[in-house]
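Go ahead and model the full structure; you've got the sequences and the hints to work with.
Chains A and B are the protein sequences, given in the same order. According to our numbering, the first sequence holds residues 443 to 656 in order. According to our numbering, the second sequence holds residues 443 to 656 in order.
The set of hints was computed from the structure by calculation and includes no laboratory data. One thing to keep in mind: the hints can contain errors.
Any copy will do: because identical chains look the same in the list, a pair fits if it lies in one copy or spans two.
Pairs of lysine to any residue residues, derived as SDA-like cross-links and limited to a Cα-Cα distance of at most 20 Å, are as follows [to be verified]:
1. K545 <-> S609
2. K545 <-> R491
3. K545 <-> E633
4. K545 <-> G483
5. K545 <-> A484
6. K545 <-> A602
7. K545 <-> E465
8. K545 <-> V612
9. K545 <-> R535
10. K545 <-> D601
11. K545 <-> L627
12. K545 <-> A605
13. K545 <-> R634
14. K545 <-> L478
15. K545 <-> S490
16. K545 <-> D479
17. K545 <-> V516
18. K545 <-> D496
19. K545 <-> R606
Protein chains: 2
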Amino acid sequence: MNRGGHDEQLDRLTGILATMSREAAVAVRDASTALLDVDRGAAEAVVSRDASLDAHRRDVEALIPEVLVRQQPVASDLRLVLCAIRVAGDLERMGDLAVHIAKIVLMRHPVAVVPERARDVMGVLTGATARIADKTALVLATRDQLDAMQLGLDDDEVDAAQARLLSMLVAGWPYGVESAIDLALLGRYYERYADHAVNVARQVVYLVTGTIRL
Amino acid sequence: MNRGGHDEQLDRLTGILATMSREAAVAVRDASTALLDVDRGAAEAVVSRDASLDAHRRDVEALIPEVLVRQQPVASDLRLVLCAIRVAGDLERMGDLAVHIAKIVLMRHPVAVVPERARDVMGVLTGATARIADKTALVLATRDQLDAMQLGLDDDEVDAAQARLLSMLVAGWPYGVESAIDLALLGRYYERYADHAVNVARQVVYLVTGTIRL
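And the structure:
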């Protein structure tokens with residue numbers, strides 16, 4: 443009976459985290475659509491749906507003391523519970539960063555934030571970030587270590603694209619300072635989103651192995 | 443005997459967090475000195491001392507499962523342990539942000555990152571952030587709720603200064619795009635540092651009251 447309750451609560455915890463990772467992935471995909479297609483509706487959807495990620499995080503934080511006191515988990519169950527605190531924080535933050543991206547789109551609408559000259563590099567940045575987001579959601583569902591390790595390569599691609607974007611901005615950017623700042627901050631938001639996603643994967647690998655860090 | 447071990451471990455946990463908060467405060471103060479006085483030595487010190495914050499965070503993460511399994515804390519002791527996970531994460535991140543500031547100084551040295559025109563607003567931003575850092579360290583030591591609540595006002599000052607900085611940058615900034623991006627990113631780093639500091643204070647108040655959120 444007690445054991446049954448235990449499993450149920452831990453399953454609920456992992457279920458919420460899996461939901462959060464899917465929502466965070468949808469958020470950054472829609473923010474990128476909003477950005478590249480100048481799509482106001484997509485941007486507004488990202489902003490309005492963020493409350494759901496916040497609520498899930500609060501659910502995780504309410505569940506954790508309950509699980510610890512009632513079940514006194516040890517070993518891998520304890521690791522799962524401690525992991526959940528950090529993972530929920532990372533996933534909520536990923537949602538916030540998607541909102542930051544969407545808000546830049548809304549602030550400049552109907553003017554496009556990404557001029558033709560920056561479309562290629564922003565395409566790489568948004569594409570690599572979307573792949574990271576999807577793989578993170580998959581790692582959370584499958585706890586597959588190889589998936590988690592591959593994320594490092596996608597993250598390198600994000601960092602390289604961000605560096606290329608910054609080089610472009612400081613080498614005779616013709617669209618003015620405001621445009622350059624928008625794109626520099628966007629680069630930073632994507633980089634941070636990807637970092638948090640890699641953190642999530644790292645935590646999941648820690649959960650599985652107890653030792654390996656990416 | 444068991445109870446004695448319990449107190450000792452929890453004291454060690456709070457001791458590490460107090461040390462981390464002092465180190466994070468020193469880091470942002472030195473980064474600001476480096477920035478405003480074009481002080482290469484101060485910037486290098488920030489970068490090299492960051493490993494200490496990282497090590498403290500690992501110590502906290504190693505202590506926590508130990509405390510949970512051996513002591514099975516409840517009520518306020520359990521809140522302290524859960525709080526410590528998040529607070530250690532915030533404090534480590536504050537150190538990282540101070541490093542980001544220091545690295546911009548090192549990248550441009552011996553050229554000053556802050557031109558005369560932006561000195562006033564950067565003075566407000568760095569001053570308010572330093573006050574927040576010191577108060578956060580104090581709140582961690584005293585767990586005084588009023589100190590924690592006052593932090594919100596300092597944080598408003600940081601946000602206002604950052605908004606003023608951005609307005610200045612987009613209104614005919616004469617120092618070029620690279621300078622504008624440096625300052626926009628610096629503004630963002632200070633804002634995030636302050637946000638994390640306020641998070642720390644919020645967690646400490648949660649620790650004391652179990653309910654009140656700032």
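Here is how each hint holds up against the structure:
1. Within a single copy, K545 and S609 get their C-alpha atoms only as close as 24 Å, which misses the 20 Å cut-off; across copies the closest is 17 Å, which meets it.
2. With identical chains, the CA atoms of K545 and R491 are at most 20 Å apart within one copy only, with a shortest distance of 13 Å there and 36 Å across copies.
3. Taking identical chains as interchangeable, the C-alpha atoms of K545 and E633 lie at most 20 Å apart whether they share a chain (17 Å) or sit on different chains (17 Å).
4. Taking the shortest alpha-carbon separations for K545 and G483, only the intra-copy value of 12 Å comes in at or below 20 Å, while the best inter-copy value is 38 Å.
5. In this assembly of identical chains, K545 and A484 lie within 20 Å of each other by CA distance solely inside one copy; the values are 11 Å within and 36 Å between copies.
6. Taking identical chains as interchangeable, the C-alpha atoms of K545 and A602 lie at most 20 Å apart only when they sit on different chains, with a minimum of 18 Å there against 24 Å within one chain.
7. Only within a single protomer do K545 and E465 lie at most 20 Å apart by alpha-carbon distance; the minimum there is 18 Å, versus 34 Å between protomers.
8. In the homo-oligomer, the alpha carbons of K545 and V612 lie at most 20 Å apart only across protomers (18 Å), although the nearest pairing inside one protomer, at 24 Å, exceeds that limit.
9. In this assembly of identical chains, K545 and R535 lie within 20 Å of each other by CA distance solely inside one copy; the values are 15 Å within and 24 Å between copies.
10. In this assembly of identical chains, K545 and D601 lie within 20 Å of each other by CA distance solely across copies; the values are 17 Å between and 22 Å within a copy.
11. Taking identical chains as interchangeable, the C-alpha atoms of K545 and L627 lie at most 20 Å apart whether they share a chain (12 Å) or sit on different chains (17 Å).
12. Taking identical chains as interchangeable, the C-alpha atoms of K545 and A605 lie at most 20 Å apart only when they sit on different chains, with a minimum of 15 Å there against 23 Å within one chain.
13. In this homomeric assembly, K545 and R634 come within 20 Å of each other (Cα to Cα) both inside a single copy, at 16 Å, and across copies, at 17 Å.
14. Proximity of K545 and L478 under a CA criterion of 20 Å is satisfied intra-copy only: 14 Å inside one chain copy versus 31 Å between copies.
15. Taking the closest pair of Cα atoms, K545 and S490 come within 20 Å of each other only inside a single copy of the chain (11 Å); across copies the shortest separation is 36 Å, beyond that limit.
16. For the identical chains of this complex, K545 and D479 are intra-copy neighbours only, at 14 Å inside a copy versus 35 Å across copies, given an alpha-carbon limit of 20 Å.
17. Taking the shortest alpha-carbon separations for K545 and V516, neither the intra-copy value of 43 Å nor the inter-copy value of 42 Å comes in at or below 20 Å.
18. In this homomeric assembly, K545 and D496 come within 20 Å of each other (Cα to Cα) only inside a single copy, at 17 Å, whereas the closest approach across copies is 33 Å.
19. In this homomeric assembly, K545 and R606 come within 20 Å of each other (Cα to Cα) only across copies, at 19 Å, whereas the closest approach inside a single copy is 23 Å.
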